[in-house]
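**Q** Read in the numbering used here, the sequence shown has 627 at position 43, and its numbers run on one by one without any break.
Treat the hints as calculated values from the structure; they're not laboratory data. As the structure is a computational prediction, the values presented were derived from the model and not from experiment. Hints should not be assumed to be uniformly reliable.
What follows is a set of in silico ranges between Cβ atoms, one per label pair, in the way DEER data are often shown [unchecked claim]:
| no. | residue 1 | residue 2 | range |
| --- | --- | --- | --- |
| 1 | GLN638 | ARG601 | 39 to 49 Å |
| 2 | ALA615 | GLU588 | 15 to 25 Å |
| 3 | ALA596 | TYR637 | 45 to 55 Å |
| 4 | VAL641 | GLY590 | 44 to 54 Å |
Ideal Cβ placement from N, Cα and C applies to all residues, glycine included.
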Amino acid sequence: YLVEPGQPARAAEIALRLLRDSNTRAIIGAAARAHAQRCFGAQTMIDSLKEAYQSAVRKK
585 YLVEPGQPAR AAEIALRLLR DSNTRAIIGA AARAHAQRCF GAQTMIDSLK EAYQSAVRKK
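Can you build the whole structure from these sequences, using the hints too?
**A** Written as structure tokens, this is what we have:
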């Protein structure tokens, strides 16, 4: 859920909805975990570092 700045009542409404709905929390949590692993997981970091080294070597 995204809330525009300056809308504390809307943010509170969404927070309360999530507190009451464990299924939605689980879905959002699983999606957030998958996103974090995809973007910041060990293999992603290894691949990124490898590419950076290869790029640096190619420029020499």
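**Q** So, for every hint listed, does it hold in this structure?
**A** Cross-check of the supplied hints:
no.	hint	result
1	GLN638 - ARG601: 39 to 49 Å	47 Å, holds
2	ALA615 - GLU588: 15 to 25 Å	21 Å, holds
3	ALA596 - TYR637: 45 to 55 Å	48 Å, holds
4	VAL641 - GLY590: 44 to 54 Å	49 Å, holds
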